[in-house]
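Chemist: Protein chains in written order, with the numbering used here: chain A, 1 to 250; chain B, 1 to 189.
FYI, nobody ran anything at the bench for these hints, they're computed from the structure. Ideal Cβ positions, reconstructed from N, Cα and C, are used throughout, including at glycine. Do not rely on the hints blindly, as some may be mistaken.
Short derived list, chain B residues pointing at chain A, Cβ under 8 Å [claimed, not checked]:
hint, residue
1, Val69
2, Ala179
3, Ser181
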Amino acid sequence: MSVKRTLETIHPLAKLAWVVNTSVVAGVMSTPRQLFWLATTIALAFALFGGSSLRKVIKYWRILLTIPVLLFAFHLFLYPLAGGQSQRLLFRWRFLHITTAGLTDAAVYSLRLFCSVFALVLFLATTEIKAIIVSLIRVHVPVPFAYAIYLMLRSIPVMGTEASAIAQALKTRLSGRVPLAAVWLIWSRYVFALVLIGVRRAEQTALAMDARGFALRRRRTFLWESRWSAAGMLFLVGNLLISWGLILHM
Amino acid sequence: MTDATETERRPRITYGTYDYVVMAFLSAVSAAAYAGLAQVWTALTAATGPLGGSLLGLFQFGHLIAFAVLKKPGVAFITSFLTTVGQLLIGDPSGAYVLGWGVFHGLGAEAVFMMRGYKSTSLFTLCLAGGVAAVFGQFYSYWVFGWQGVKWMFYVSLPILFLSSAIESGLLAHFVRTALSRTKLLRNS
Numbered sequence: 001m002s003v004k005r006t007l008e009t010i011h012p013l014a015k016l017a018w019v020v021n022t023s024v025v026a027g028v029m030s031t032p033r034q035l036f037w038l039a040t041t042i043a044l045a046f047a048l049f050g051g052s053s054l055r056k057v058i059k060y061w062r063i064l065l066t067i068p069v070l071l072f073a074f075h076l077f078l079y080p081l082a083g084g085q086s087q088r089l090l091f092r093w094r095f096l097h098i099t100t101a102g103l104t105d106a107a108v109y110s111l112r113l114f115c116s117v118f119a120l121v122l123f124l125a126t127t128e129i130k131a132i133i134v135s136l137i138r139v140h141v142p143v144p145f146a147y148a149i150y151l152m153l154r155s156i157p158v159m160g161t162e163a164s165a166i167a168q169a170l171k172t173r174l175s176g177r178v179p180l181a182a183v184w185l186i187w188s189r190y191v192f193a194l195v196l197i198g199v200r201r202a203e204q205t206a207l208a209m210d211a212r213g214f215a216l217r218r219r220r221t222f223l224w225e226s227r228w229s230a231a232g233m234l235f236l237v238g239n240l241l242i243s244w245g246l247i248l249h250m
Numbered sequence: 001m002t003d004a005t006e007t008e009r010r011p012r013i014t015y016g017t018y019d020y021v022v023m024a025f026l027s028a029v030s031a032a033a034y035a036g037l038a039q040v041w042t043a044l045t046a047a048t049g050p051l052g053g054s055l056l057g058l059f060q061f062g063h064l065i066a067f068a069v070l071k072k073p074g075v076a077f078i079t080s081f082l083t084t085v086g087q088l089l090i091g092d093p094s095g096a097y098v099l100g101w102g103v104f105h106g107l108g109a110e111a112v113f114m115m116r117g118y119k120s121t122s123l124f125t126l127c128l129a130g131g132v133a134a135v136f137g138q139f140y141s142y143w144v145f146g147w148q149g150v151k152w153m154f155y156v157s158l159p160i161l162f163l164s165s166a167i168e169s170g171l172l173a174h175f176v177r178t179a180l181s182r183t184k185l186l187r188n189s
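Bound conformation, chain A alone:
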């Protein structure tokens, strides 16, 4: 097993628990220093074990950077203008004020979001989503609920195709510029058609599943093997210790 594949071979639930834990820990942390170190641990995990997924991670740059940067700017510049606590003034140019409180809050809230999104991006770049469902059933999540998640994930691209077909059909019926008053009507028709197709497909799928005796047994058999490895346990426990240790000792 090569080192660069390690993050991809770790149990999906270990990584999912890590993503949730990172967000919880980031939410509890209240100083930029703690959050900086948390971001550093995620970056280290990526650098050490996620080398092969660099391209996939870069694909997510928009969600990784846009919102934290915007949130940083909001707290930094607009926060004092909108009546936020103004402490020591660090910088002033015309109407723009940067205060110590603004700078601290900007760092805390943007880093908090960045840590959560960074962990999620690493998870998405290194995990086969279908494997999560098998793992969920293995940890005794009720089969219908786990299947609902699986079905929902499988339906997103299907419904996406339907959505673009409906949008094209609506476009052909429109000529020129659409008046603002008609936007609501068009949007409603679009959603209605989409929901109608969704309900029809749900009816067909439910019938097919019932016909194959889906609801008869609680247990399922899978082609995928889902076992907790020592690496997965180590990854999860190590991250839990490091992240909560950062809160306790900083």
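Guided by the hints, dock chain B onto chain A, whose structure is given.
Modeler: Chain B only, in chain A's frame:
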């Protein structure tokens, strides 16, 4: 005899394959729709604070429609949560925090449906559920985005968000429910 009376008093909530599949499909529709909307809403809210995204009240229609179709306790909550799981797994700009909105929106809508006895799917109920769910979600946004310093903006945003969500999501859900019952496609129509 006593057991039978108990069962009559507190009927057990059971979901069949059809219920799970409808919730899954409606969650997929909502997750696909919200994925685009969430990019706009999160950017607006992050850049301008509580008032930024308060006019965008379309984040409730999925679970409102799911309840209108199935009329069972817990449907709005499960659909709302499933939708955010979908958003999470296709990559949401808020990271794992998106799950919190699923919980809060679901609880808000569920509270209104519970108060109405899980029977009413009238325009008023759907609009109220949409508005209340959005307000519940805004309290969670307050924590995620850190609006402690701009509380006046947050308080102003609450009635605006309530109205925008009630009108946009509530009306849309009502329109879709009415149209769906005319098609006779629903099992309980």
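Chemist: Close enough to count: is the Cβ of B:Ala179 nearer than 8 Å to one in chain A?
Modeler: Nearest chain A Cβ about 5 Å off; hint holds.
Chemist: Can we keep the B:Val69 interface hint, with Cβ of chain A closer than 8 Å?
Modeler: At 7 Å from the nearest chain A Cβ, B:Val69 passes the 8 Å test, so the hint holds.
Chemist: Hint check: is the beta carbon of B:Ser181 less than 8 Å from a beta carbon of chain A?
Modeler: Violated, because the Cβ-Cβ distance from B:Ser181 to chain A comes to roughly 11 Å (cut-off 8 Å).
In the structure shown, a violation is registered for the earlier hint numbered 3 alone.
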